[in-house]
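Asks: Put chain B on the given structure of chain A with help from the hints.
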Amino acid sequence: MSEFFAMGGYAAYVWSAFGITAFTMIVLAVLARRADRRALDRIRRREENRK
Amino acid sequence: MWTWFHKLASPPHFYRIGGKLLPWFGVLTLLLMAWGLYGGLVLAPMDYQQKDAFRIIYVHGPSAWMSMFTYMMMAVAAGIGLIWRMKLAHVVAHAVAPIGAVFTFCALVTGSIWGKPMWGTWWVWDARLTSELLLLFLYLGYMALAGAFDDRKQGDRASAILAIVGVVNIPIIHYSVEWWNTLHQGPTVTKFDTPSISWEMLWPLLVMALAFKLYLFTVATWRVRAEILQREQRSAWTRDLK
Numbered sequence: 001m002s003e004f005f006a007m008g009g010y011a012a013y014v015w016s017a018f019g020i021t022a023f024t025m026i027v028l029a030v031l032a033r034r035a036d037r038r039a040l041d042r043i044r045r046r047e048e049n050r051k
Numbered sequence: 001m002w003t004w005f006h007k008l009a010s011p012p013h014f015y016r017i018g019g020k021l022l023p024w025f026g027v028l029t030l031l032l033m034a035w036g037l038y039g040g041l042v043l044a045p046m047d048y049q050q051k052d053a054f055r056i057i058y059v060h061g062p063s064a065w066m067s068m069f070t071y072m073m074m075a076v077a078a079g080i081g082l083i084w085r086m087k088l089a090h091v092v093a094h095a096v097a098p099i100g101a102v103f104t105f106c107a108l109v110t111g112s113i114w115g116k117p118m119w120g121t122w123w124v125w126d127a128r129l130t131s132e133l134l135l136l137f138l139y140l141g142y143m144a145l146a147g148a149f150d151d152r153k154q155g156d157r158a159s160a161i162l163a164i165v166g167v168v169n170i171p172i173i174h175y176s177v178e179w180w181n182t183l184h185q186g187p188t189v190t191k192f193d194t195p196s197i198s199w200e201m202l203w204p205l206l207v208m209a210l211a212f213k214l215y216l217f218t219v220a221t222w223r224v225r226a227e228i229l230q231r232e233q234r235s236a237w238t239r240d241l242k
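Chains as they are written, first to last, in our numbering: chain A, 1 to 51; chain B, 1 to 242.
It is worth saying that the hints were derived from the structure and are not from the lab. Glycine included, each C-beta is placed from N, C-alpha and C at the ideal position.
Partial list, derived from the structure: chain A residues whose beta carbon lies under 8 Å from chain B:
no., residue
1, Met7
2, Gly8
3, Tyr10
4, Val14
5, Ser16
6, Ala29
7, Ala32
8, Asp36
9, Ala39
With beta-carbon atoms standing in for the labels, derived distance ranges:
no., chain 1, residue 1, chain 2, residue 2, range
10, B, His6, A, Ser16, 46 to 54 Å
11, B, Val165, A, Arg45, 38 to 46 Å
12, B, His174, A, Glu3, 35 to 43 Å
13, A, Gly8, B, Trp122, 19 to 27 Å
14, A, Arg45, B, Trp199, 48 to 56 Å
15, B, Ile164, A, Ser2, 50 to 58 Å
16, A, Ser16, B, Trp4, 41 to 49 Å
17, B, Asp240, A, Ser2, 52 to 60 Å
Covered stretches of chain B (chain A as the covering partner; in silico rule of three or more C-beta atoms under 8 Å from a C-beta of chain A):
no., region
18, 39-53
19, 97-104
Pulled out of the complex, with its shape left as it was, chain A reads as follows (with noise of 0.2 Å):
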């Protein structure tokens, strides 16, 4: 297990790879799914107040 963390010696280079696409691409899509939740929202509570 300790010999797949460690890349054979790159797993500065590997990890730092991995990490840095996977947490841009989770912020992009918690961002655009909250956008999306938030935008229904909105139109929701504006037809609680017309009632």
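Replies: Below, chain B without anything else, positioned relative to chain A:
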């Protein structure tokens, strides 16, 4: 077929169809990512020259391909919006721009991290790296221009023209490793007749590329839906949303 297409191009229909597709896109993205990562990091054999450092290809390759694919998608959508005045096409172009920028950023950063142990340098100003950096600036310029106008129609049109002009950069990126001398390696995957990569190394790369494509569709659908609701908040159909 055409009526289906016209229906999809109408914002309320896209909103609903997108909502139905999202769970499938999301689950498929996660499954493919897990499968591709396991294949690339665990199952694929070590490269005899680059050892385990070659595994960076499993994030670098897909981000680089998708940075170009997303740009073409953005430019085609912007072109459709410009020619046929289709509102939804501009929304799609706006929605994919930051996703393409993230792919480009990841391609540049992971390439740099890969270059350090293999080439001995983080960066060289060669054609491949410089044209990919230009791609990042095209995305950022597009996003800035699209948001710079008070009149949304003007912003849509101006940014669409920039997106279309920027397409010339795509073949430059693709062929840069053949046209100019460079540290960057030539294509390994696109020449299928004489593949210079073994199948055990290749299949996780293809799975990762597919995973990145589904990630694009998932995140784009979220972003398109959000922008549709924002643009159409005064339309009657939004009143019936549950």
